[in-house]
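Here's the letter readout for the chains.
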Amino acid sequence: MKQRGFTTRAIHESGLREEAHGALRFPTYDSAAFGFESAEDMSDAFSGRKASHAYTRISNPTVDAFERKIAALEGGVASVAVASGMAAISTTFLNLLAAGENIISTASLFGGTYTLFKKILTPFGVETRFVLAEDLNAIEAAIDGHTRAIFTETISNPGMIVPDFAGIASIAAKHRIPVIADGTVTTPYLFRARDFGVNIVVHSTTKYISGGASSMGGVIVDLGNFDWTQIPALADYHRFKDMAFLARLRKEIYRETGSCLSPHNAYLQTLGLETLSLRMERICANAGSMAEFLSTHRAVKSVQYPGLPSSPFYDLARKQYSGFGGGIVSLNLFNRADCFRFLNRLSVVSRASNLGDNKTLALHAASTIFAGFTEAELKNLGLDDTLIRISFGIEDIDDLREDIAQALEGVEAI
Amino acid sequence: MKLLINGNPEEVSGVLTIQELLAEKKVADPDMVTVELNGTILQRQDFVSIKIKEGDTVEFLYFMGGGSEV
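Keeping their order, the protein sequence lines are chains A and B.
Residue numbering for the first sequence follows the working numbering, starting at 243 and increasing by one per position.
Residue numbering for the second sequence follows the working numbering, starting at 1093 and increasing by one per position.
No lab work stands behind these hints, which were simulated from the structure alone.
Quick caveat, the model's predicted, so the values are computed rather than measured.
On the chain B side, residues computed to face chain A include the following (Cβ under 7 Å):
| # | residue |
| --- | --- |
| 1 | Asn1098 |
| 2 | Ala1120 |
| 3 | Asp1121 |
| 4 | Thr1126 |
| 5 | Ile1133 |
| 6 | Gln1135 |
| 7 | Leu1153 |
| 8 | Tyr1154 |
| 9 | Phe1155 |
| 10 | Met1156 |
DSS-like cross-link-like pairs, simulated, lysine-lysine; straight-line CA separation at most 25 Å:
| # | chain 1 | residue 1 | chain 2 | residue 2 |
| --- | --- | --- | --- | --- |
| 11 | B | Lys1094 | B | Lys1145 |
| 12 | A | Lys416 | A | Lys483 |
| 13 | A | Lys561 | A | Lys244 |
| 14 | B | Lys1143 | A | Lys483 |
| 15 | B | Lys1145 | A | Lys483 |
| 16 | B | Lys1118 | B | Lys1143 |
Note that CB positions come from ideal geometry on N, CA and C, so glycine has one too.
Let the sequences and hints guide you as you build the complete structure.
Spelled out as structure tokens, the structure:
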């Protein structure tokens, strides 16, 4: 049967058990625990023989509905929803790694992810080897017998670097290690991760998926295309074959580290997912139009946006991301003071640290999401203190252009 | 045909694939179940080809409960 379109599936895909009252909107089961008819039923549930929810830290019907919808849209085996995007990344690596092992990460990264790898995993004996996403030879050279994964963002935040997934997946397959992609900024609508050789895709669902920054959340999707018997940390679960990653995640790491998604947030994010495609098209159109405008403005030193024909990543982004360039534009002004003047003059655009909202949001990266990073660390991440990140929303383009133009008129460099 | 399903003796008629057994026994959430046949976990893609035999031990397992036996 022909597969239905993304938006139709986002709305109608469920795989859910029947809802008691036939409600078209699956309800929020805001309950910590679930009761059982008998001690035998309870025992069967706890031994895994019965498909029952027992405790919301472990599973919940509303969260389950969200997980199934995401897994279906990604074409994955199954997914696990967690409390935030950072929980999705940390939980994934806790599931895969042991002391003495290492991962390869592309160097241009979100600050929180960099700190997780550099400051939190290192004391547990896990090394992260940072390499430039554009340098496939360096990625391969960094791999050794203890490497357990290659991690990259689909478009780095806020560096706007686009990795070549075909190239990375080819190297990973040769060395039998999985590719883990943070697809937050591209969403399942722009990027079909499985088609480009990704094995695990994670998302901060707080962003575009939540539909207006309504709630925190994250998700981990196993795309069902990796032989998990290659991963020593999953040894006790190798007998589950294609389900080994998810089996350990569900039975140990996810449940015992306690990063469960709240049912209320799962409800909001299921709702948000239904309109994802509509919002992404508008957001990408706004970002593309404003990137063109900014790239010719005399107060702007440079613009990084993979949807600009002048971007070195233009062709790759078009190929990988369904012809879209994403919703985030990074720009450099001439100095930090100008960045602050620009931000302070904005009125339609909000000064805020999130991305993927319906509202357009802007920030000065070095003093906010990278606050506390040294100059050398910023340089290694490909950043400096003249960078502003703008996450475009769904406002009318004329209002965005007028607001940003008037804010740029106030910078000293003009 | 006599089988041991989730520790309980049960009977089914005819030679069934695992996929057919899931339907016959009205197993909940068949898309989420993991099947163990005589101590070996089966790949989902094999559900349509592997057939059960007399005396087989079958476990239907989920990762939703609270314990860690799975």
